[in-house]
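Each chain is listed here by its residues.
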Amino acid sequence: MGKDIREDIAWAQINKDVLKSLESPRKLYWVIIFVALLVFSVGVGCEIYQYNTGMGVANMDNPHVWGLYIASFIFWIGMSHSGTLLSAILHLMHADWRKPIYRFAEAMTTFSLLTAGLFVAVHLGRLWQVYYALPYPSERWIWPNFQSPLLWDAMAIFTYLSSSILFLYIGSIPDLAICRDNIHQGWRKKLYTLLALGWEGTDRQWRNFRVTYLTIACFLIPLAVSVHSIVASDFAMSQQPGWHVTSFPPYFVAGALYSGCAAIITLFIILRYVFRFEEYMTLPILKKTVRLTFAIAMVWTYLNCIEFASVWYSHDQVAKDVLIQKATGTYAPFWWAMIFCGSVVPFAMMVKKWQTNIPVMFAVSLLLNLGMWLERWMIVAPTFSHGYYPWTWDHDQWPSLIQWGIVFGSFGWFTLLFMVFCKIVPSVSMYEVKEMVYHRSQARKKEERAVQEELAVKGAH
Amino acid sequence: MSVSNLLENWSKFRHTHPVDDKGIPDWEAYPSDIKWAMSIDLDACTGCNACSVACYAENNLPVVGKDKYSHGQAMHWMRVERYWDEGDNGFQAEQGARFLPMMCQQCEAAPCETVCPVGATNHTEDGLNSQIYNRCIGSRYCSANCPYKVRYFNWYNYPEQENAWPAPLNQQLNPDLTVRTKGVMEKCTFCKQRTYTARNNAKTEGRPVQDSDVQTACQEACPAGAITFGNLHNPESQVAKQWQSQQVDLIKDIQEKDEKEGNRLRGYRVLEELRPYPSVMYLERVRESAV
Amino acid sequence: MTENDFSRRDFLKVLGWGGTAVALSGCGNTSIQDGQETVTSYVTLPSYVTPSISNYFNSTCAQCDAGCNIMGRVREGRVLKAEGNPNSPINRGRMCGLGLSGVQAHYNPDRVREPLLRTGDKGETITWDKALGLINEKLNGTKGTEIAFVTGGMSGHVQALLGNYMDELGSKNHFSYEAISPAVLRAANKKAYGESMPRYRIDKARVVVSFGADFLGAWVSPVHFSQQYAQFRKGSRPEGRGVLVQIEPKMTLTGANADRWIAVRPGTEGVLALGIINALGKAGLSIPADIAAVSHEYTTERTSKETDVSAEQIEKLAALLKERTPSLVLAGGAAEGYAHGSQNAAAIALLNRVLGNVGKTLEASASVPFPQIAPTVGSRSSLIALNDGLAAGKYKVVFSYGVNPVFSAPASMKFKDNFAKADFKVAFAQYMDETALAADLILPLDSAMEDWATVVPEYMAAPEGAGSNAYAQMSFRQPMMEKVFPDTRGVGDILLALLKQRTADKYKEFEDFYSYLRSAVLKNKVALGGKAGDDDEVFWNETLSKGIVPLKGIAGSVSAKASAAGLKLPVPTDADPSYPLRLIPAVSASMRDGRNANEPWLQESPDPLTTIVWDSWVEINPKTAAKLGIVEGDIVEVTSKSGSIKTQAYLFPGIHPDAVSVPVGYGHEAMGRYARGVGANVFGMLDSVFDKETGELALNETSVKISKTGQRVIIVKEEGPVGGSQAGKPKIAVQVSADKVDLSKEV
Amino acid sequence: MKCFLRSLTLLVGLFFYASSHATDALPTLTTPDDVGPVVEQPIEFPHFRHAGDAKDGGMQINCMYCHTYARRSMVAGIPPIQKCIGCHQSIESVRDKPRIQKLFEYWDAKKPIPWKKVHDLPDFVRFNHERHIQRFYFQQDRPYQEVCGYCHGNVKAMTVAQRQKPITMGWCASCHQKDHPVSANSSETGHGPNDCFTCHK
Amino acid sequence: MSKRYLLALYNNFDEAEAVVRELRNSEIKGFNAADDLVVKSPIEHPEVEEFLGEKSVKVQWFTLGGALTGGLLAFSLIAGSQAGFYSQMKGGKPIVPIPPDLVLTYEMFILGGVYITVLGFLICAGLPAKRSPLYSAKVSEDQIGILVKGDDGSMAKLREIFTRHKALEIQEEAGR
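Heads up: the protein sequence lines correspond to chains L, A, X, C and V, in order. Going left to right, the first sequence walks through residues 1 to 461 as the working numbering numbers them. Going left to right, the second sequence walks through residues 1001 to 1291 as the working numbering numbers them. Going left to right, the third sequence walks through residues 2001 to 2747 as the working numbering numbers them. Going left to right, the fourth sequence walks through residues 3001 to 3201 as the working numbering numbers them. Going left to right, the fifth sequence walks through residues 4001 to 4176 as the working numbering numbers them.
It is worth saying that the hints were derived from the structure and are not from the lab.
Derived pair list, reagent style DSSO-like, types lysine-lysine, alpha-carbon separation capped at 27 Å:
1) V:4130 with V:4003
2) L:16 with L:287
3) A:1257 with X:2745
4) X:2316 with X:2282
5) X:2421 with X:2394
6) A:1012 with C:3178
7) X:2172 with X:2692
8) X:2525 with X:2500
9) A:1260 with X:2745
10) X:2641 with X:2627
11) A:1241 with X:2745
12) C:3178 with A:1203
13) X:2646 with A:1066
14) V:4138 with L:423
Here are the simulated distance ranges between beta carbons:
15) X:2673 with L:169: 57 to 65 Å
16) X:2144 with A:1066: 42 to 50 Å
17) V:4014 with L:459: 21 to 29 Å
18) L:332 with X:2414: 49 to 57 Å
19) X:2500 with A:1207: 50 to 58 Å
20) L:362 with X:2637: 53 to 61 Å
21) V:4060 with L:362: 39 to 47 Å
Every residue, glycine too, gets a C-beta built ideally from N, C-alpha and C.
Hey, can you work out the whole structure from these sequences and the hints?
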C-alpha cells in the first residue's frame, strides 16, 4: 500500500497547488456548472408551477400525502452526515488521512443540508405561511407545536446547519488567510480579507483555534446522531405500520453515514480530476474511504435485517403486511433494487483491485447513492399505500413529472452550490495537509533516527 | 411571565387525557360538560350516500371532477365504504354488501394532533379534533399519521383557480364556514358551525345543550336515521344511552363487556386497539341466519 | 308573510352581509380590508329575519316524483341547503342525496337564461313578448288535435292550469311520460288489490320479500321507505328485527341491504313467486284453490331449474314466510321490465294474497278530493303513442315540459327524427338538454326554488294515528329567493300568459300565477283545513309556512282479489347464442333517468355499490367475465340488436351470470358542463319490446353480446385496489348473525 | 472580555424580556388606538348626532336601537332604511338637509344603501356580537357605550365610523385572557375562550 | 516610552524553538518574553507550544456557559410558551410534555454551546483583528515568524539574537 501523501512535498507547493484550484480547474468544471445550472432551472420551473397551482400537480393524493419530497429530504439530510463523520469523528480519533478530504466533505454537509431545507419548502402546501412554524414572539400570541417531530426536525436541522457552517468556517480561517496572502486583486481579495478575520497564525490564535475546533467537533458528533434520529422520529414517532419501528433512529443514522460516504467517494473522484488534486486525494486515501464505506454498508445491511426480523417475529400483522407489500407489491422492483444497491453492490468494494480503480468506484458509489435514495423512498411510500385502513389502500400513485423534476433539480442545486464553493474556498485544507506532511515526516525522521541508532548500536557491536 | 403560570398550574399542564400516565381512565377531569360523540347503526345504514352529499352541501366541499378523483384527490369528508363478504372464490354477494360511513372519528387522543408542526389541529374542550385552516401550513403530517385516512388536503386552489363553484353555484356556499384554499388540510368537524350555534343559543338561554338543539348535516339527512349525535356527557342524550347500553366506554381501548350480556351487544369502534379513543361508535350490521 | 308582497320580494333579494358573505378566498385573506367590502342594508326587513340567522321556508322537492317536503335554509337572501321537513309524513325530516342536490339545479351555471328561438342551426335570444307572441301566432290556425303536450308526471295547480289551457286549445293530446316509471306495477296493483298505489307498510312487516323493488334506492318514494326500513330493522320493535329478502338478477341498493340476496335468472321472478306459493302449500299453508291450480305445476325442482335458485333456498324462504307473519311482498322494476312483466307482477301479487298480507302490511291509500290537481302519472307507453303520432305527422305543434324524450327514448323508436317532423316545438326547459336542442323555441324555466306550485304526491304516505286511512296531502312549492337569472319564468306564469292569449277575460284578475294560486287556495279554504271565518291573509300565510296541506282525502280500499286466472308465465328459453346476455339497465338512486345529471354533487357521489364516479360502466359477474376474458377496466362494447355502447367493465359479484347491467342516466350529449360526455347512454340501445298487457316498454328485454375493444382504463372509483375486502381486519365493517345478538333492549 | 460578558447578559436579558412580553404583557385593557382608513360612505351618517352625549348636541340613542341584531346574532347589522324612515318621516325640521334628502331618495326608489364595511374581519374568523353583548351588557351590566366602544372606539363622537382599535388576534387575546367578573355583583371571574376552534371557522 | 516591533522569519520549528528558548532565557530590559513574544506559524505548532510555556485557554468556559444557557433558555421558553394563554390539548398528551421539550432542549443546548464557543473563540483569539504591521505572507506559507515587542533600547539585542539564529528575514517597525 502506497503512502497517503508524499512526505517530501514542499509547503509552498501545497499552497500553489491548492490555490491553483481556485483559478484554473479543468474544462469539465464548467461543463458540470452548466449542467447543474440547467438541471436546477428545471427544478425551479417545476416548483414555480407547483407553487402557483397547488401540490396536486405533484400527483400526491389522499393516502399518499408525502412523496419523493420527503424521501429526498431524508436523503439529503443523510448525505450530510459523513462530512461530520470525516471531520469530527475522525478528527477526534486522530486519523490524519482525512485531512486532504475533510474540507469538501464538510462543504458537502453544509450544502446537502441546504438542499434538504429546500425540500421542506417544496413540500409545504402553504410555503408562504412557513413563518407559522418559527418560534418567535408574535402578535398572535401563539407558538408552534413543540410536540411535533417536524419541529424537532426544523430545530435539529437549523442547529446542525448553523453548527456545520461555523465548523466549516472556523476550520477554513487559516486557509482563507493563505488565500488573502496570495491573491492580490479583485473581489476575491476583499472577500478573503474579510473572511480571514485578520488571521495571522499567532500562537494565541492557534491555541484557541485548536480548542474551539475540538469543542465543536465534540458537539457535532452527538448533534449529527440526534439530527438523523430526529428525522427518523418523524416516522418512528408516528403510529403507522412500517414507520413505528424502534430501531429506526440507529437505522437512519447508519443509512445516513452510508449514503454520505458513498457521496464522498463520488465527489472525491470528481474533485480529484477537476481540480487536479491527484497529489492530495491519493488512491490510498480513496482506499481507506472505500473500506470505511464498506464497513458502514455492512452496519446498514445488518440494521436492515434487524428491522425485517423484528417485524417478522412481532405480532404486528399490519407492519408485516407492509413489509410483504414492499417485497411483492407495486414497489417491489424498487425495493429489490434498494436491497441490491445497498447490500450487494458494496461487496464490489471488497475486491482489492477495485478499491483503487477510479471508474469502478465511481460507478459503485453512484449505485450506492441510488440505493440509499431508493431506501428513503421505500420507507416513505409503501406505508401510505398499505396503511391501517384497507379502504384507502392505493398502489397506483406515481409521482408526476413535476415531482421528479423538482427532485432532479435538487441535484443541480447541490452541485451548483458545491462546485461554486470549491472554486471560492480551497477544497483541500492547506494548513492541515501541511500538518499531515509535517507530522508524517517528523515521524519518519524519528523512525529513521531510531533505525540509524539501532544500526549504530549494531555496528558498535 | 408565563413561566410563573407554568409553575403555578404545573399539575394542570401535566394532566394527560383521557387516560393518565398510569393508564387510568379519567372521565372526571373532562374539561367541559360537553363531549360530542356519534353512533352509527350499520344495520340501519343503507349506504345511500345522502350523508355524503349533505356534507358537501353543508361544509362547502369542492367537487373535484373525474380527473382529480382518479388521482385520489376527492374531498368527501364523509365517505361511504362498501365491503363484501369474502368467500372461497372472491367476493360473495348473498348477504348483500356492508356499508360503513367513515369520517373523522374525533379521537380523544388523536394521532394527528401531536404531530402538526404549527398546532393547527388541536383538541377542543368539547371533545372535537379541531382543524384551524388558517393556521395550517400544509405539511400533511396529520394525514400521514391518521390511521383512518379521513383528512383531506386541498391539492389545488379549488375556489379560484379550479373554479369548483362557477357562478352562480358559489351562491350556495355556506357562510358559516370558510371555503378552504389550496394547501390546507381539512376534515369532518362534526358540523362545528352547528354545534357552535347550539352552544351559543343554549348559553344565551342559560340551559345545557340538549339533543334537540343540534343535528349534524349527515345525521339530519340520513333517510334511515342510522346516525345519532349528541353530548356523551349528558346521560339523557340518545348517544350517551346508546354508548352505555352497548357497554362502549370512550376512554377504554379494550372494552370490558359484561360476560353474559356483553357478547350479545354490537357496539364497537374502528381501530380501537390503536388507542386513539375515537368518538364514533358503530353498531354491527346484523344479518338473519334463518334464510 | 305578514307584510305585503313587496316586502317578501325585498327579503328574497340576494344581499351580501358583513362577515357572512361568501368567503371565497378562505384562508388566504389574513388582512383586514376595511372599507373595501360593501354591506348592503335592506330597505325593509320583516321582523322574523335576523342577519346571520337562517330562516327556513317550507317547500317541496322537485328532484323526483316522490314529493318529499323540504325546508329551504335561507340566509341573506340566498338559499343554502334543502333540509327535510320534520312534519312531513313522506320524508319525516330526512333527505336523500338527490334531494339535497336540488340547490345545484337551482344555482346551476348551465341553466337556460333567456328565451331562445332556433333559426336554422343557430339559436337566437328573443324577448318573452316575442316568444309568447310567436306561440300565439303558430297556434292560430292549428287545430286542437294537432297540438300535443308531452310532460312528466304532473299534479297540483300547474296541472290544472295546463288542463285549462288544453281545453282552450281543444287539445286532448297530453302525453305524460316518465322514462323510469312503475307503470306496470300500477296496473298490476290495480288488478290485484283494487288500488294502483296502496300504502306499503314495511315497518309493520316481519319479513319483506322484494322482487326487484329498489325501495331504498329509486323506487316510488325511497326516502319514505327508508324511514319504514329503519323501523323495520329495529330489534326493539314488538315484531322484532325484520328480515329482508331481495330477489333480483342485478343487485340494487336494497339488495345490498338484504339479509339474503337471491340472484334469479332474469325474467323468471313470476315463476319463483309461484314456486314459493307451491312450497308454502307443501309446508302446510292453505292455498286458495284458484291459485293452487296454477301454482301446483311449479314444483320446487322445476322452479329451481327455471329460476336458477336452489331448491333449498326456496324451501327456506317458504318456511320463513310461513313462520313470520305478517310479511310483505313487493314487485319492482326488475320483475316488470319484460314482455310478460304484468304476469310477473300478478304472480308476485298472489303471494301477498296467499300470505294474508293484504290489509295488514298493504293498506288502502287515499286520494285528494280535487281531481284536477290529483297526480297524472307518467308512463313509457304514452311516449310510444306520441311517437306514433309524430311519425304519422299528426302533431304540428308540440310542447314539452320537464321531460327529455330525445335522450331517453330507445334509438329504435327514432323519436328524434319523428320529433323533428312537427312544425313547431316548444320546450319549457331549465337546461339545454337534448330535447331542448331539438326544439324550435326554448322557454327558460324558473328553478323549483324560485317558482310557485302545488304538488300532490302519487304515493300518499300518511302519518300514524287516527284518520290516516283518509289522509291525503297537497304540498306547496314556493320561492325561497329572488330569481338567480332575472329572465326566467315559472311554468305557471307562462301557462297563464298563454291562457290570457286565448281567453283574456277569464284570467284577467290574475296578475300572475301567484295570485291565481292564492285565489284558488283561498276559494277552497274550508276543504284545505281552514274555517270559513278565517282571515284570508292569515290562512294563506299559515298554510304557506307549513308547506303541507293535509286534506280529508277519499279513502280507498284494498282487497285480496288477485286472481290466478289467466296467469300465464312463459317458460324461459335458451338465450340467443349471438346475444347471450341479458341487459339490465340499472336505475341508480342519484342518477335516475338522467334529468339531474348536471348536478356535480351527484356526479361526484359514488355509486353505492360499485363506488364509480363520473362515468358509466357495465357490471359483469366475475364468472362471466372470466369466460369472456374481461378484467376490470376493459373498455367493452355492449351490442344489442338495436345499438351499442362502449364503456368500462366492472366485475361485480352482485349480478346474475346471465346478465349484465349498465346504469341509465349517463351519456348526455347536451345539458351542461357536468353531464355532457360523461358515460354512455344505455337508453339508446334498448330493443322495442313491450309489455303485453300495458304496452309499456320492457326495459329488461334487451339481449346483448359483449366484446372487448382492446382498450383498458383505470376505473375512477372510490374503492381501492383491494376492492371491498377488509383485508384481514375483522373490526372495520362488522357483521353479526341475528341469533348472536340481543337487539330487544337496544335504545 | 468584561465588555463581552456585559453584552451577553444584555442579549440574554433582551431575549427573556421579548419572550415574556410576547407571552404575557401584550396590550392591556386600555388598548392602543390603531386608526383605520377613512371610509367614504354613500351617506355621511352622523353618529355623534344620534348617539352622542346631550352636551355635544347628541341624542344619546342606544347603539342597539339601530344596530338591533347585535344582541341576537353574530352580526350587529346595518339597520334597514325602514328604521331610519320610521323616525325621520316625522322629523320635519331636518327634512331638507342634503343627507336626509339622500336617504329619502333611496327609500322612495326602494333601493338599498351600499354602505361600506368599516370593521372587517378576515373570512376565517367568527366573531359573535351576541355573546359579547350578553356577557358584558346583560350579565355584567356595563354601560353599552363601554361595551360596544371597547372594540369600536368612541363612535358616539364620530361622524362616519372609523376603526379605532387594531382588531387583530393578539388584540382579541389581550382581552380574552383577562379575568372578567361573571356578573355585575359577582366576585367570580372567568376569562374568554382560548380554544382556537371557537373563533376560527 | 515608545515600543517597537521586530519580526523574524525562520525556516522550521527547530530554529524557531531555539530562538524562543533564548529569548525566554535572556534578560533584556524593556522586553518581557512572556508578554511580548508572539510566534506565527502556518500550522498548529505542537512543539512550540511547549517552549512557549503553558498558556491557559478559556474557550471551554464559554462553551459551558453557552450550552447551559441554551438548554435552560430552551426549556423555560418552550414550556413557558406551551403554558401560555392559548394552551391547547393535543392527542391526549399533557400540555407541557417533557420528552419533546427535552429533545428541543438538547438541540438548543448544542446550539448555544456551538454559538457561544465560536463567540468565545473570536474573543479569546482576538479576532477579528487588524493585521499587525509586521506581517509576512510567508508565515501563511512555510515559514515561522517570531514577533517581538520591545523598547527602543532592546531592539538591537533582539535583532542580534535573531541574526544569530540565521533568520531568513528581519523586519522592524515603529510601534504605536
